[in-house]
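Chains R and V are the protein sequences, given in the same order. Counted the way my numbering counts, the first sequence spans residues 1 to 1020. Counted the way my numbering counts, the second sequence spans residues 1021 to 1527.
Any given hint might turn out to be false.
Unchecked claim - Rough simulated footprint, nothing fancy, chain V against chain R, three-plus residues with beta-carbon under 8 Å:
(1) 162-168
(2) 444-455
(3) 570-576
(4) 598-607
(5) 934-943
(6) 973-983
Quick caveat, the hints were computed from the structure, so don't treat them as lab data. Where is the CB? At the ideal position from N, CA and C, for every residue including glycine.
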Amino acid sequence: MKKREFSTAFKIQISTLRLLRVKFTLALMLLTCLQVLAYQNIPITGRVTSSTGEPLAGVSVTLKGTQLGTTTDAAGNFSITVPNQNAVLVFSYVGFGTQEVTVGTTTNIAVNLSNAASTNLNEVVVVGYGTQRRRDLTGSVASVKGTELAKQPVLTATQALQGKVAGVQITTSGAPNAAPVVRVRGTGTILGGANPLYVVDGVITEDIRNINTADIVTMDILKDASSTAIYGMRAANGVLLITTKKGRTGKPVFSYDGTAGIREATNLVDMAGPAQYIGYFNEATKYYGNPDDTLSATLLNGTQTDWFDEVLRRAFQQNHNVSVSGGGKLLNYFVSAGYISEQGIIINNDFSRFTVRNNNEYRLTDKLRLGTQLSYSHADLDNVNEGNALSSAYRASPYVPAFLNGKYGNTSAIGNVSNPLVGLNYSTDKGINNRFQGTFTGDYKLLTWLNLRTSFGLDNVNYENTVMGLPFSNTGTNNIFIEAGGNEQRLNTSFEENAFKSTKWVWDNTATFTKILDRHNFNFLLGATAEKYHQRNTRAKSLDYKEGNTSFQEFKGDEIAFNINNPIPNDKWSRNSYLSRLNYTFDDRYLFTGTFRADGTSRFPDGNRWGYFPSIGLGWNIAKEAFMEGNTFFDDLKLRGSWGKVGNDQIAQGLYTTFANTGLPYFFDGRQVYGISLDDVVDEDLQWEITEEFDAGVDVGLMNNRLNLVFDYYKKTTDDVLLRVPLPAFTGDADYITNLGSIENKGIELTAGWNDRIGKVNYNFSANMARNKNKVLELNAGQAVFGGGVGQRGTTTKTDVGQPIGSFFVYQTAGIFQSDAEAAGSPQGASGARAGDLIYVDQNKDGSINANDRVYAGSYQPKMIYGFNGGVTVQGFDFSFTTYGTQGSKIYNGKKAARGDVRDNIEADVARNRWTPDRPNTNVPRANLGILDHSTYFIESGDFFRINNLTLGYTLPKTVFGNLGLNRARVYLTAQNPVTWTKYSGFTPELSSSNTIDAGIEQGAYPSVRTFAFGLNINF
Amino acid sequence: MKYKNIIKKTIITLIIVSFTGLGCGKDFLEIDSEGRINKQEVQTNPNAAEALVTGVYNSLYFGSFDPTTVGMLYMIATDIASDDGDKGSFDADFGPAREIDNFTHTPGNFVFNNLWQGYYKGISRANSALEALEGATFDAAVKNRLIGEVRFIRGMYYFNLVRLFGGVPKIIVVPKATEVNNAEFQTRATREEIYEVIKSDLQFGIDNLPQKGEAGSVVGRSTKGAAQGLLAKVHLYQKNWQMAFDLSNAIITSGKYTLHPDYTTLWRETGNNNSESIFEVQTGLTGDCNAVSPLYSNSQGPRAGGKRGWDDLGFGLNNPTANLVSAYEPGDKRRDATIIFVQPTLPGGPNPGTMLYGNFRLPTQDSVENQRYNYKAYHPAITTCGGNKDLKPKNIRILRYAEVLLINAEAAAMLNNAQGAARLNLVRARAGLAPSATATQADVWKERRVELAMEQDRFLDLVRQGRAGTVLRAHGKAFVDGKHEVYPIPQAQIDLSGGLLKQNNGY
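This is chain V alone, in the form it adopts within the complex (with noise of 0.2 Å):
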């Protein structure tokens, strides 16, 4: 009895025990990713490091109001903030861009905080990139042909970041979640080290992309001419005359580049990749419409300010300025190239306003909000993505072959080098204007402002000229010596990094 009762109990404890105890295996709670690619993936695949590399240019359209990197806000921080442009609109219309346009901008503008962000997004994205392709499989050759892309792009931003705000932390790795708060990150690097980043980048693309047109080189990729080109700008905010000097030269003389003969077509959309383009930005219209920096057009574009019956062509950001306008010689080509004029309204008309490019007739002034709008920034009507003004893709020219030129002459001149002037006499050329008599550095500046007006320069080509103060506070301008020279730290970031990101003098 006994015995049996035991037996009994026994097969009924192995029942319960099977029947409840039905495990699953450790593997049962292991998901598998669904198609998505994870870290561990990217950084076994090549593909993925090269995908990665796409990754890394596709932050170029990071725009709209959000983290930016060339687009509408960097239009802000740059043109707006200088002699050429004024904030434009109606006077009550985006408040931190009038701060910034009065230099009464403070560190919590967000404008600042996105212009951060968006860098600081891009460069992570090629850290992510040079981590995935150091470790990857690859023809050297085309191995660090990539390098070279993503650090171009990268030293790019980072020329960007030590312009606007100078020193910043100096990120070249990737950082672990478990590593944020370590003050190596979050402290700010000297502008110096930031600009040995730059140079390191720079050269490394120097000496391993190949020439536009050269085996290896694509439209839209990142070429030994435009790392040398960036390089040499890179040189001239530093002064060092001959380092850009050699650099633009080695461009001028490779017989890659020439001017585009049009200066009127130079931005337009027939203007695309055109024979001066050392970089752009690439943009195209996909089924997503979100192959373009958003809102780079239409924040420019002329504000029908609302008026009955007139389509809102824009937010009317950007005005070239009176100052602007009176920059120009007489007979200059590129003055009606750059700025859209409206047309006043005559009492009794007619009032056949001003035709735009694309055939779109834009009405007198009693229909628009300001006088002036950027031409250069301009893009017709488009009727793929539902006619969203705001993806208008415009392809933002980063560097192109006059700049080069410009470059050059000033260099040229420190350095009493005869050679300049031809260099200078032939944008000039271009323009439609007789050569200049002298080709000094002012003769230089005074041509890079026309040359490349409403091209996101001038407050920071200022900036390096050492005059921003005098030529903004003429302007009516509120800029401080000292302090106005770079942008406050964002203030978000500051309180992010627990007090360790340290504030710009005088904010």
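Next comes chain R alone, as it looks inside the complex (with noise of 0.2 Å):
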């Protein structure tokens, strides 16, 4: 389908416009009902804990129908004023349960708020530009605390909340400011952004790893397109909503919290020793005709270099946070500042970040409130080149001292990869991250029923990196080598500097009309956003610099040769939306949420700028049916379906546009001029991609509301999927950018929690699964697209019509000839296989081996992905665990196929149990030099289990630190990825690509690291 039905989505914006202004005339009207309460005035105080009985400060506290309220102090403690007993306290705070409890004749309330399970019904849930509580949404919405992440010693909360939520797959990789990759309920795109959405407090962005773990309190991530229709057109891959901590009315609250710990690899790839690799060496060149041995026995002269330990390292990890928060009856404020250091576990690679924040709420009148949410956050960064790095020690003889008596091995002079110590050591590559985001917001509430607010959020990122490359030789006086020769030398410095300056700003301003009319409860939400985004790119490289020099305003006039260019374009967009949403729910049992989303972006030609994103979602709440009273067994029984539509508009700006190549060079009369070209063919009819997504849910309390479950179904369809097409040589360019394609995600999740106390024992456990199915529907008008290039043997994925996205296809492997003849004699006789070689199928029995008989072998793509969490406490102890797995994913190792070179040292596995006359019950082929076909020998399943987390705390009695003015002192033990099951046999299963036709290949990936770490938490 290459062009949208334009007036359907038409009728849809005008049919839903209509019922809006209905629904909006009803709202007014409900004005004239105000009806005024009569006030007796009764002192109410009391106290509000956690379930494990901490106090809980800052919760909210509202009289039932009014906005009269207040909120707890840091001891937990309230008090209020109500007009009668018949009055109706409700108790609430983000990502705790809400409570409702009649005042009666008690003056005095004790409130026991649940923090324990995330699919709690009366939970607040933060939604798009709003809240509302669990029990009254229609989506399909998860939510998990800040507290619950927090735990965890990682840089990222997107890293902390692996395993913890149904239906989003989350992989990280051990390198240290790594972003993970997400996918929500699979993989709708092929060429736009896979990524969700994230929001923090409000504020759209692409990236958080600026915001610190610490200062989260809840992170809600919303799944189904009722839920994140309300982001229209960036919404087709979820939204992660996440909420920063508030003050809390209350004398201050200070508190700290550190954790100090190592990191180390957890799998390493057993590599070859000096006599496997000769011998392996030698045995393979003798299938080439060579009668002596190539490589001398003489080598083994004792070097055993194992490259990994060469370039790894145990590494260090620290992490402190303070904070402060309290408030008074004009200001509630929260400050905290962080720091987190992270080697990384290759030598020369660090990473330091410094955050701060400031999170302020005014009320300036009973009507104006203003708040601030202001963060800054500052890294240092000593990058390394780390694929390289790994790729290289991967393939470096055994027998090459790495470095010995100051001078280093010179594994090139043998014809193999260069030393991967020099690269590391004679290149740094520095890099300064200074972002600041903030968000300043005004609410008025103009009429009880009408509330209005502002929203101006900023973000800067200043991001500057120095790379230089320093002099080396291989020969002469300046040589660092043990011996001369070789291909590994840098004759000059080479020095580069790069700036990258973006500054993005969003203002929405939305009106939220409230209405509770008898069993009527209506919550009407209007509103305009415009956002704008402009990044500058300046580079300045000289190839052959002056040595001694940091940077160019060093330049002294004689360097060798200097240049400024800029091949990194700027980038600018912007966006404007109007968005508005109903949610109706009749006597808490029938749902009703609405929404509709017109986005324009600046993204795609005039023309096709603006999209329309409507959504409908149903509940129903049987538990509070009247033919359910009575009934102990249910808690809570809701039945949710929804539909709605979502875009994907992630791909770069001016795709439209034919853009001129520019510093094309050229010379005449020996000077250079530079010369451009008009290359690249564009459609200039270019759209979005456009996701309708369907959901069916059921969520249930049983038990005392002891055991949750919740249960969904989904069916996302993408159409106009943007592809990259190839397009005829003839005209100029490889391919171009276009709307041609459908997809679809189907799947179910489930999610299930217990949380219940023995005695003095609290505990609780929750597990979720989800299992997701992904299939190309439409494909550039039949033609699959290839991806995954691994070395010298072209493609290892294809994705066609059928099949997932990122389907591996490659030869079937049938075994191993087992003598000559039998090799002669088969389709592969005529390209020379021989004894020992794998025998690949012929599929299309046409006695040839070629791409024709390409099968497919699976993709990276998970068919499901689950976790087991749970925790106890005991006295003062607590225990917590989560983990982690994934079933039915496959795993191209391409670093084993890839083979750049016949002087790479091979596998362990390989040199021992190759193929050999005397060793024929093997799946290992012979001692090769060559490049093996891509073939399923090298795919393996990538399926996995792990323990991400297993935390143990003790909380010491108040009576160790009485004096001390301490609230509460925790200390912890906690470690990170203790120990993963797989399969797989290469450096971790969790191979992180942002590029959705090439996931699930590992090339010098990092391997997984896991962190051993002792904290400590103090309050007071």
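Hints are included, so try docking the two chains, each in its own frame, into the full complex.
Structure follows, in structure tokens:
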């Protein structure tokens, strides 16, 4: 389908607008029905505690049906005046459950707010541009509390989210500052970005690596279209909403939380030692007709280099957070500072980040509130070319010493790769990232039922980095190698300075109408937003630079060559949207949510800029029905169903315009001039991808709500998929981007939580699992898209109709030829196969093995992801665990398949188990110098199950520190990723790839990292 | 009361509408191009049109393993395919080049697709430049000169395409994205139609380009002489002997070109743009190290085979054959200027190796993979660009005066014009050889081989001479008459055409 049916979209818009107009008029009419409450003024005091008995500060206490209210102080105490004994107090706090208490005759109320189960139906959930009680939701929304996330010694909150939410697949890397790859309900795009949208305190962002996890109160994940459609064109991959901490009324509460620990590689691949390597190499050369040993046994002189030992290390990590929060009549405040320092497990790789945050709320009048949420982060990065270091360590010969008596082993002199240590030690890549993110909000309660809100968010990123290559030689006096020769040298210093500066602002204006009319509860949101982004990039680069200088400021005019250019284009885009949402509940039994958003984006050509995204959600709280009265089995039973349309515009700006390529040099009369060209063919009618999603779910609470179950079924269909389509060469361009395809993701999600207390033992367990099936429905007029190139043997994946995106497409192996005669008589005989070679299946039986014999062999997309989590508190002890597993994915062992050069080292397993006439019963082919074709031989199971985190803590009894002024002190030990069970033979089964058609190919992957840390929490 | 309510409602409605109806105007979503030049701007800016012409010249650098015009892959399709060059390196290396060497190539061989892509990428740059130049307001002479330069390069690319593949799609305008599937563009024009494009492009160049050294001419830009020379060669391929003779004669009588006295330095840096250079790729070292045809030199550099301690000098492709060595007459200076001979390793030494110019000592045979390498492609080590050997700035000689003399001699021989002998003997004299007793077509062919050896001419010349099958089969290649005179149309392009592009006979 090339063109969308605009007329349909338009009809929906018109009809929805009409509907909205009706609702709007209705809401206005309600104004006349205001009633005045009669006051008797009964003073009430009380205390709010958590389910574990800790006082809860900052809990909102409101008089039901009014805007009157207060918040609890640091000790959890509150006082409020109520009109009469029939008054109902509502206790709520984001991330915790909501509880309603009828005042009655008592004047002192003790409230215990549940905070354990994330599926609690009374919980307050952040949805776009507002909040809702979980019981009123019609869509699929999961919530995870900040305390759960902050438990884990990891840099970004999404890393800690892994395994906690059904249907959210998170792939992490052990590399410092790596952004985890997040996929909500499968992959619905090929070329557009597949990352979800992040919203921090209401402000849309793409990267949350600047957010200190310790500052997070809650993270809410919007999964279905009825929830996400309020974010319209950017919501197709799901939305993650982050709420940071606010101050709570009361005296200042200080807290400190710190960890210190070590990080190390979890699993390494055992490489061949010198004797195995030389034996394998010599045996292989004999197959090529060389009668002698190419590598002499005299090379075995006792040197045995484990290159991974040389480039990897046990690294140190520490994390400290301090905060103070409190508040008074006018102002609530939260101020925090955090410092995290994380060494990479590769030498020379360091990362540290300092963050400060200040969230203030000013209650200027009863009607007017202002808020500021300001954060600043500063990161220092010592980057290394980790891919290169790891792949060189994998390939380097084990008989060459790494570093001996001040000189490096010369791996390249024997035709091998570069010495990985030289690459790490003779270059630097330092970065400084400064980011300011702030939101300014104003809330004005124009009428009791009408709240106006304006919010201005700013995000300013400034990244500077300097990359330097230091000179070294492989001959003469500057020779740094034990032996001269080879091709590894850098004759002059290379130097590069980059600056990336971006500024983004978002301005949201919303009006919220709230009206309770008898059993009818209306909440209507209307709003407009505008957003603009501008990124400027500068690069100055000199490949031949005078040694010793550290910046271009020090240029003295005698440099060998100097060049400034700007190969990274600037980026600029803008968006303008109008949004609306109606939440209507009748008698808490029947729920309706309708949203409609109109989105305009600069990323598409004039005429295709505006998109319209409607959604509808329905819910039925069966447990509240009259006929359920007296039932003791269900505490909660709710059916949900939703439908909606969302979009994806995550492509670069300006793809619909042909821009000139600039900086094309040529020499006339010995002088350099720059030319331009118009090489790019573009689709001048480009538009966004559109995803239509259906979701059906049921929420169940049983046994006094100790057992909570959530089940969802969903089906997402993405149309007008953005695709890079190959072009015939005569156009001058190899491909262009256009809308041409359709993808389906469907699956189920199940979450179960159990939360109970036995005597003094509080415990909870939860389990979640999600199955997803990804399938391409239509593509590029039937033409498949190939990807995942490995080494010199071309592509490994094929994305085609009927298959998951990025399916491996390779030869199928069927054992090993046991004799030359067998090989010669086979279809591979013509290409010189011999005994010990892999047998490829001639699928089409045409007597030759060629591209037509490739078969689909699975994809990296798991069929199922799951997690088990739990915790126990006994007396002062607390113990928790989180786990995560995937099942049904396949990995292409690309590093093993690539074999860049005949001198590459091999894995010990390959050396040990290779086919020889004496070892016929093996699945590893004979010693080989060539590059094997892509086949199922390199495909392995990507299944794994991992304990993500184990934490054991002890809260010291108050008697221990009674006179120190402390409220609470807890010490803990935590282990991140201590154990992984996997059949995969490589460094890690978790492979981050932002490109959906290249996913699951391991080439120089950063090994999984585990962390053991000691931590301390103090409150005073 | 009711009235008051209406006013109140109206005010509230107005507040809400003005608050949430915040519009930004149409311009808000209009993003400027941030200093980038878009197509519309290019077509209205004369400076941009001139820069587009430079962009066309830039396509001469297309090389490496990527889409290529006159770089490494073209060398494979012309030298390695011929009896002048063997694939080289070690046996298992570079299968696609080995297939071409052995004439076992198939339509899937990436070399063909990348040549096809390289030429059409260059041609489409030329078409874009021509489109912009047509609309640009320029001094007419300058405009016609720029058009002439562009059409010269387009003609050259079509000449290579038609010789490598036969008739190909004729693209002389800029197709729109919506037109890419039109049969007009997807199907092959006849060989004759393509030759008409070439002749018309080169004739425009002859009519509008300045002579070398005259006003408007710049070293590196195409000239009237270059257009005449290439057109003379085109007529040679078409056996239009009189046209070939007249055009080559015009160059000779113009007096603008003389033979470079020293054949040894003809292809070296000191010989860049020498007196016999008619058209050559101008390379240089820029800060970005992108003003070269990458790998052209390094792919043909001696392969030290990873032997201990020796710098690996190159890929070791395109080894001059023993057959070529024996084609030189005794005393021919061109033999040692064309071929690097690797010295045998003597047991017990001394083994001084081979001294290459630029003071580089090539070790003896035990440390080197092959026996002979192409000296014309050799370039000493560079210290800039990180010493990256792939980026050696070799000016590839496309057309030189010696070839014009030989075109003239061959045409003269076919026209029974006695002038030819003198032209032939000029070339022989420079090589240190005695004048030839005769100047028949066969004499000229013999001279062409040694004069232009390893300069990406031999295979195409053998096909032109109509004896490719005889010569190459004698050389041990599986050449099939009626099939291997042209290469297969790349399978990838046939697939992209939805089958509109038809394959050559026999593939």
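* Against the earlier hints, flag every one the structure doesn't satisfy and list their numbers going up. => 1, 5 and 6
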